[in-house]
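Asker: Chains A and B supply the protein sequences, listed in that same order. Number 212 marks the last residue of the first sequence (our numbering); no jumps. Number 370 marks the last residue of the second sequence (our numbering); no jumps.
Take every hint as true, because none was put in to throw you off.
When the alpha-carbon atoms are kept at most 20 Å apart in a straight line, the in silico EDC-like pairs for lysine to aspartate or glutamate are as follows:
(1) B:Lys224 - A:Glu57
(2) A:Lys131 - A:Glu119
(3) B:Lys315 - A:Glu184
(4) B:Lys251 - B:Glu277
(5) B:Lys315 - B:Glu364
(6) B:Lys315 - B:Asp37
(7) B:Lys136 - B:Glu63
(8) B:Lys254 - B:Glu277
(9) B:Lys267 - B:Asp220
(10) A:Lys51 - A:Glu6
(11) B:Lys267 - B:Glu277
(12) B:Lys267 - A:Glu57
(13) B:Lys224 - A:Glu55
(14) A:Lys191 - B:Asp314
(15) B:Lys267 - A:Glu54
(16) B:Lys224 - A:Glu54
(17) B:Lys224 - A:Glu184
(18) A:Lys78 - A:Glu30
(19) B:Lys64 - B:Asp37
(20) A:Lys207 - A:Glu55
(21) B:Lys267 - A:Glu55
(22) B:Lys197 - B:Glu165
Since the hints were made in silico from the structure, they are not lab data.
The chain contents come next:
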Amino acid sequence: MTYNLEKLRQSVIDGDADSALELTRQLLAEHVPPDVLINQGLITAMAVVGKLFEEGEIFIPDMLVAARAMQCCLDILKPLLSKTEVKPLATVVLGTVKGDLHNIGKNLVRMMLQGAGFEVVDLGTDVAPEKFIQAIHEHNAELVGLSALLTTTMTSMRTTIEAFEKSGLRGRVKIMVGGAPVTESFARQIKADGYAADAGAAANLAKSLLNL
Amino acid sequence: MPDLLLDHPTPNFEELVRVLKGEQPPRRVHLVEVGIDPEVLQTIQEACLGEPWALPRGVHVLEKPDERYYRQLVNLYYRLGYDFVPIWPFWVNNPAGKVRRVVGTADESRGTRDWVDESEALIKSRADFESFPWQKIYAASETFEMVARCLPDGMKMTIIATLFENVFEYLLGYEGLFYLMSDDQQLVEDVFNHWGKVVYDYYSSMIGLEAVGGIFHVDDMGFKTGTMISPADLRRLLFPWLAKYAALAHKHNKPFFLHSCGNLYRKSPSVMDDLIELVEIDAFHSFQDVIVPVTEVKARYGQRVALLGGADMDKLSTLADADLRVYLRGILEACMPGGRFAFGSGNTIANYVPLQNYATLLVEARQWKV
Chain A
1 MTYNLEKLRQ
11 SVIDGDADSA
21 LELTRQLLAE
31 HVPPDVLINQ
41 GLITAMAVVG
51 KLFEEGEIFI
61 PDMLVAARAM
71 QCCLDILKPL
81 LSKTEVKPLA
91 TVVLGTVKGD
101 LHNIGKNLVR
111 MMLQGAGFEV
121 VDLGTDVAPE
131 KFIQAIHEHN
141 AELVGLSALL
151 TTTMTSMRTT
161 IEAFEKSGLR
171 GRVKIMVGGA
181 PVTESFARQI
191 KADGYAADAG
201 AAANLAKSLL
211 NL
Chain B
1 MPDLLLDHPT
11 PNFEELVRVL
21 KGEQPPRRVH
31 LVEVGIDPEV
41 LQTIQEACLG
51 EPWALPRGVH
61 VLEKPDERYY
71 RQLVNLYYRL
81 GYDFVPIWPF
91 WVNNPAGKVR
101 RVVGTADESR
111 GTRDWVDESE
121 ALIKSRADFE
131 SFPWQKIYAA
141 SETFEMVARC
151 LPDGMKMTII
161 ATLFENVFEY
171 LLGYEGLFYL
181 MSDDQQLVED
191 VFNHWGKVVY
201 DYYSSMIGLE
211 AVGGIFHVDD
221 MGFKTGTMIS
231 PADLRRLLFP
241 WLAKYAALAH
251 KHNKPFFLHS
261 CGNLYRKSPS
271 VMDDLIELVE
281 IDAFHSFQDV
291 IVPVTEVKAR
301 YGQRVALLGG
311 ADMDKLSTLA
321 DADLRVYLRG
331 ILEACMPGGR
341 FAFGSGNTIA
351 NYVPLQNYAT
361 LLVEARQWKV
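Based on the provided sequences and hints, a complete structural model is requested.
Answerer: This is the structure we're talking about:
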């Protein structure tokens with residue numbers, strides 16, 4: 001069955017949380033299944049947001065309010081999900097590496113990953129390798145995202161990945177990296193699986209790394 | 001410890017300005033930094049000059065203007081070969097933003113590092129804005145008087161402040177600014193205009209001093225792939241103030257330099273085009289190779305604006321000596337012809353730049369045959 005979710009998608013893209021919430025309630029009342037609202041409405045809208053951001057057509061404030069609008073809708077849809085047995089695409093453990101308190105870039109990546117349908121475990125900033133490892137085990141994560149702001153702190157990405165290798169996790173999880181000083185070649189050097197230039201690209205990279 | 005200091009420096013700020021304006025071909029490589037980390041300065045001071053640093057180790061912010069500190073600061077910039085020393089204001093009655101401190105992880109780090117708390121803000125509502133002490137904030141003139149007394153012949157100070165950075169780092173906070181751009185645009189505009197006026201008043205009161213060579217305004221506008229807010233919003237909120245600051249400097253026949261990190265080169269006209277045409281900056285500082293290397297910016301914009309610095313922070317921090325020399329010479333080869341260029345780091349001499357690499361940058365500049 002097809003549903004007309006265009007207005008809902010546009011409300012999320014515009015960051016109009018009130019309108020998105022009202023439309024979500026209205027569509028639920030019209031018996032549109034919550035998983036359809038999420039997958040064909042919210043996630044599709046956030047994919048458009050990510051693409052527009054990557055193309056330089058919208059900016060961080062636009063992305064944040066779009067993610068906020070999506071989150072408002074998710075807050076009323078998620079409690080309904082167990083009934084329809086919808087599962088996230090995968091679980092991602094995300095954090096800014098040890099010694100680095102940079103938060104914004106990592107938060108944007110979290111929002112875009114959530115917007116793409118991933119379950120995200122956000123460990124925050126200044127995260128030690130052992131904390132990543134613990135979270136990967138605890139949440140059975142398939143993907144890890146490492147963020148760093150500075151040339152000096154991005155070296156913690158290397159030590160984090162080395163810790164994954166030592167703990168035997170390396171073959172079990174995919175690793176993506178990003179942040180101001182990080183480059184594709186640095187990602188290869190430290191044996192990460194992928195590099196994303198910004199939050200918009202991160203969601204696409206996550207899907208590609210997991211063949212989703 | 002590498003030998004970093006010159007015995008007989010010959011600073012000449014006026015010549016630097018003529019070179020940057022294209023009025024005179026360079027006779028040597030002029031050096032520029034908008035900042036050298038206090039830890040780096042302290043290490044050079046104590047190792048090369050054998051005099052204790054005026055500030056306790058790990059203390060980066062003065063509690064009040066301190067002439068001994070400024071004397072050391074000016075002397076180090078002088079002995080390192082700079083034509084000017086960048087001077088930050090000492091703000092009086094300015095509520096402090098929240099910072100967090102962690103131990104530095106860099107191999108070269110000599111202590112801790114302060115981080116702006118990105119989720120915190122001084123102004124979260126109209127009520128906060130109304131009660132903020134806008135009228136009471138001013139830059140202490142003693143700072144600039146003290147520096148003026150310390151400057152050797154030929155050397156000047158440039159005066160520094162931030163507008164956009166102060167709004168997103170302290171006044172509204174990153175997240176606060178980004179959400180308020182949608183939720184309360186008037187509050188955002190009012191905060192920009194009130195802090196813009198504070199900065200304007202400070203620049204106005206100091207630009208006439210003979211010891212002040214010009215304004216070196218610092219406002220990071222972007223990140224690797226774009227600007228933090230849209231170019232349209234930058235034009236509306238920030239550029240009118242930057243243009244006023246530039247006009248003020250020009251009225252006193254002094255230059256307006258601008259530092260901004262980030263990708264300002266997307267689309268056409270780019271933000272860089274705006275800075276040149278609308279703001280009328282005289283020189284631009286901050287380059288990251290992952291965005292656009294200074295050599296490419298020189299080729300694209302070098303006829304229209306002077307460029308300052310250029311050596312990518314990652315390369316400056318990580319390259320082995322031989323590779324670093326090749327890299328630095330490549331910049332000088334591309335950017336020195338035609339003048340309108342002064343050399344230095346792409347950002348600052350941060351505490352994680354190995355001193356040997358900083359010495360290599362200085363030596364390459366000093367030995368370059370024009």
